[in-house]
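Engineer: Sequence:
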Amino acid sequence: RFNQRWWELKQQYQGIVPPGERSEAFCDAASKTHISNDAAQYYDYALSYVTLFQLHDHIAKQILKQDPRATNYYGSEATGEFLAGILEKGASVDWRTLMREELGEELSAAPMLNYFAPLMDYLKKINQGRKYTL
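Read in this note's numbering, the sequence shown has 72 at position 72, and its numbers run on one by one without any break.
Quick list of the computed label-pair ranges, beta carbon to beta carbon:
1) G75 with E21: 53 to 59 Å
2) Y13 with K61: 29 to 35 Å
3) W95 with S31: 27 to 33 Å
4) I63 with A40: 28 to 34 Å
5) L9 with L119: 20 to 26 Å
6) L98 with Q41: 20 to 26 Å
7) W95 with R130: 35 to 41 Å
8) E8 with V93: 39 to 45 Å
9) M120 with L98: 27 to 33 Å
10) N127 with P18: 19 to 25 Å
11) Y42 with R100: 23 to 29 Å
12) K65 with F26: 51 to 57 Å
Quick caveat, the hints were computed from the structure, so don't treat them as lab data.
Since we're looking at a predicted model, the values are computed, not measured.
Beta carbons: idealized from backbone N, C-alpha and C, even for Gly.
Required output: the full structure, derived from the provided sequences and hints.
Structural biologist: Okay, here's the thing in structure tokens:
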């Protein structure tokens with residue numbers, strides 16, 4: 001029942017249905033290379049996006065003094081220096097320590113959630129009454 005469960009979850013969380021009849025002779029989940037080869041990479045992806053939005057939020061607010069949704073890094077030497085200062089340390093410092101020292105806070109998904117808050121509000125409003133997961 002693996003394939004059946006895969007499509008149940010795809011429909012529940014993504015609103016996607018299979019393109020046609022799918023039996024247990026198929027293993028559609030295995031078409032995602034990370035599921036069959038290296039499932040742990042999904043953790044890497046999740047952490048990378050949380051980190052990306054946290055760095056972006058810091059650069060926008062603290063360095064450029066701009067709205068994170070309308071930030072332009074172009075020509076900003078201060079941004080380049082900030083990022084170079086982080087990257088030059090390489091693996092000599094634990095990344096969690098580096099985040100605390102450079103950003104003044106622990107890893108947090110709050111900047112990502114804040115960035116997409118207007119979109120989430122809009123989607124909740126237009127999808128009200130529908131059976132979608134948001």
